[in-house]
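Colleague: Sequence:
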Amino acid sequence: MSEQARIDCLAFAQDSGVLESVVAVRDFTRLCESLADSTGEIRYRIDAGLAKSGRAFMRLEASGQLQLQCQRCMQAFGWHLAARSHVFVAHDAAELDAWDRKAEGLEEAVLADGQFDWFAWLEDEILLTLPVAPIHLADACPIPHRQVLPVRRPNPFATLATLQRHHKLKS
1 MSEQARIDCL AFAQDSGVLE SVVAVRDFTR LCESLADSTG EIRYRIDAGL AKSGRAFMRL
61 EASGQLQLQC QRCMQAFGWH LAARSHVFVA HDAAELDAWD RKAEGLEEAV LADGQFDWFA
121 WLEDEILLTL PVAPIHLADA CPIPHRQVLP VRRPNPFATL ATLQRHHKLK S
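The end of the sequence shown is residue 171 by the UniProt record's numbering, with every number in the run present.
To be clear, the hints were calculated from the coordinates, so they are not data collected in a lab.
The beta carbon of each residue, even a glycine, is placed where N, CA and C say it ideally should be.
Fair warning: there could be bad hints in the mix.
[Said to hold, decoys possible] Derived CB-CB ranges, DEER-like: (1) D15 - C73: 44 to 52 Å; (2) P142 - S16: 48 to 56 Å; (3) H166 - Q71: 20 to 28 Å; (4) D37 - F157: 54 to 62 Å; (5) C73 - T162: 45 to 53 Å; (6) A82 - A24: 13 to 21 Å; (7) L137 - A93: 42 to 50 Å; (8) S38 - D117: 25 to 33 Å; (9) C32 - F157: 56 to 64 Å; (10) A11 - G78: 33 to 41 Å.
Turn these sequences into a full structure, and let the hints guide you.
Modeller: And the structure:
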């Protein structure tokens, strides 16, 4: 897919481009390494344009159902994917450096690339949404979630109190 997945970001934004389709989960090689199985599909939409400020941007949305492995019971379970990303595109490094990204709300910005791999960007954004330690909802997991009970530890000063009482009895 890498040959078809290349676009010129600035031209895509200036043309108000849109890429929208459905892709099989098995086509995402890096993503499949993190899944219980590679069944299913991911619906995505990438659109681009020029903001009121004149800056080029690209926006990505992806959704689908992924099969993750519960880290409590090690069984597969369905997880709803909802990924969103919005990036601004700078013409060159000087423009990117000149932007006060935090003040202007441009936390995510990329350098313009005539061979931008949108498929890799899509996969990156999906990977970033995955939970670090996926688990079933508490009532759906076959292994019950243990309730942590407070441990009753002896008071370290109880021995001292016993010694004091014992000493007072001798006196």
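Colleague: Which of the stated hints cannot be reconciled with the structure, identified by number in ascending sequence?
Modeller: 3 and 8
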